[in-house]
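*Asks:* Chain residues, written in single-letter form:
Number of protein chains: 2
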Amino acid sequence: MEILITNDDGIYSEGIFALYAALRKVGKVTVVAPDIQRSAVGHAITLTDPLRVNEARRRGKFFGYATSGTPADCVKLAIRSIMKKKPDMVFSGINLGANMGYNILYSGTVSGATEGALLGIPSIAISLATFVKPDFSRAASFAVKLATSAYKRRLPPGTLLNVNIPAGPASRVKNAVSITRQSHTLFKDRFDRRTDPHGQTYYWLTGSLDQKDAAPDSDVAAVCRGRISITPIQFDLTDYKFVTELENWEF
Amino acid sequence: MEILITNDDGIYSEGIFALYAALRKVGKVTVVAPDIQRSAVGHAITLTDPLRVNEARRRGKFFGYATSGTPADCVKLAIRSIMKKKPDMVFSGINLGANMGYNILYSGTVSGATEGALLGIPSIAISLATFVKPDFSRAASFAVKLATSAYKRRLPPGTLLNVNIPAGPASRVKNAVSITRQSHTLFKDRFDRRTDPHGQTYYWLTGSLDQKDAAPDSDVAAVCRGRISITPIQFDLTDYKFVTELENWEF
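Chains G and Y are the protein sequences, given in the same order. Using this note's numbering, the letters of the first sequence correspond one by one to residues 1 to 251. Using this note's numbering, the letters of the second sequence correspond one by one to residues 1 to 251.
Please note: incorrect hints may appear among the correct ones.
The list cannot tell twin chains apart, which means a pair is met if one copy fits it or any two copies do.
Stated by the list, open to error - Cross-link-like lysine-lysine pairs, in silico, PhoX-like; alpha carbons within 25 Å at most:
| id | residue 1 | residue 2 |
| --- | --- | --- |
| 1 | Lys-188 | Lys-84 |
| 2 | Lys-133 | Lys-86 |
| 3 | Lys-241 | Lys-152 |
| 4 | Lys-85 | Lys-188 |
| 5 | Lys-84 | Lys-25 |
Hint data in this document are derived by calculation from the structure and do not stem from the laboratory. These numbers come from a predicted model, not from an experiment.
Isolated chain G, as found in the complex (with noise of 0.2 Å):
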């Protein structure tokens, strides 16, 4: 089996060095990464710049190509001009951090797995539920029998899986999984309204997800009752519920 690694932490990241590690037990691995952290980038692609491709070497030897692109140019430039043949999975992650209910639509990580699916290609995000003391062997150890199964029983094409695990190493925790839909929490942002050095005003983005309201079968909900959480996400987003009653609007 042939795998292509992308994430959002970029390439030098713990999460993404912890799946490889793991991966390469089952297949021949390719990381295509970005060279510095581009989290939150949604699913940007890079059109009015140019791709820069560079070899990136961890512990002393070959690792992958870092890239100035975003996740989704990751997975494109490694399909159409890195890659030799195309891959049988990509993987996105191991995130730091979750992602979860309407924050997979600003997800750098859920993005580069959702490339993978538009290019015809089983693809699966995966994300660790904290940003505390990260232990990713629960996660790692996860991909290695996702991308086992997965690769057995196929995804429908368009499909891919968003995959959140929550905290704590691999030994003490069984893996409870949960197949569970996006919640609809929103995230409660607001800005920080600061003033620079210079007198000039500027904003920054902060805030919070809102989990109280998690419906029982969603995401939020699993990760929170410390089990794994399985989405299928898919991305006709056509609102076929209203295609009907929008017929009988007057234009």
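Given the structure of chain G, go ahead and fit chain Y onto it with the hints provided.
*Replies:* Here is chain Y on its own, set in the frame of chain G:
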């Protein structure tokens, strides 16, 4: 009716000015838009940099607020920090070039309207399906009609309208409207591999939309027939059909 306008072509583009001039006839309009073109940014938000906001003038008069952020940033900033009360509607556009099919995942125009919908405001993305000698008059006059209808009839929470207008001036083309679904045609992309003046390799993304397989009830098919396409879209990405099958997988 209070209307917020944003776009991704930048505050000095022709399309946003045409939309502003038209919507002023039916409401109080606030413009908050990127200070330069920020196309294909997807649903990116700016977390790692401060955001700047400056007043922008056009034709010698105050026009709106130019920000250093993406369309999603602009809508958040407008609603959280700039406007005194929440607007009744958010418009994003008029974009130079169509936003249809899977391309809407990359679209800053659509993401501006998405952010409005996420914040609970009826929102509309509007794009003109040409890059050549654009005439925004048809799109602008249709935006006025749509604002009036949507204000009166409301949109379901979480649903926005993605509108694409075929090329051609308002006076010569009848407003034939199709309610459509997002087409599943893919962007056929490739990379130009080039060498810079210093002997270094760089890549430039290029390609075209593959329109030949668009279903008859899709956005692409409607615009190809010279009709205005309105696709209702929503942002629960869960693939509900696949949830049950996934529950039978072993992990």
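*Asks:* For every hint, state whether the structure bears it out.
*Replies:* A quick look at each hint next to the structure:
Only between protomers do Lys-188 and Lys-84 lie at most 25 Å apart by alpha-carbon distance; the minimum there is 18 Å, versus 44 Å within a single protomer. Taking CA atoms no more than 25 Å apart as the test, Lys-133 paired with Lys-86 passes in neither setting, with 35 Å inside one copy and 39 Å between copies. Taking the shortest Cα distances, Lys-241 and Lys-152 sit within 25 Å of each other only across copies (20 Å), while inside one copy they are farther apart (34 Å). For a Cα distance limit of 25 Å, the shortest separation of Lys-85 from Lys-188 across copies, 17 Å, qualifies, whereas the shortest one inside one copy, 43 Å, does not.
When the C-alpha separation of Lys-84 and Lys-25 is checked against a cutoff of 25 Å, the pair qualifies only within one copy, where the shortest distance is 21 Å, while the shortest distance between copies is 57 Å.
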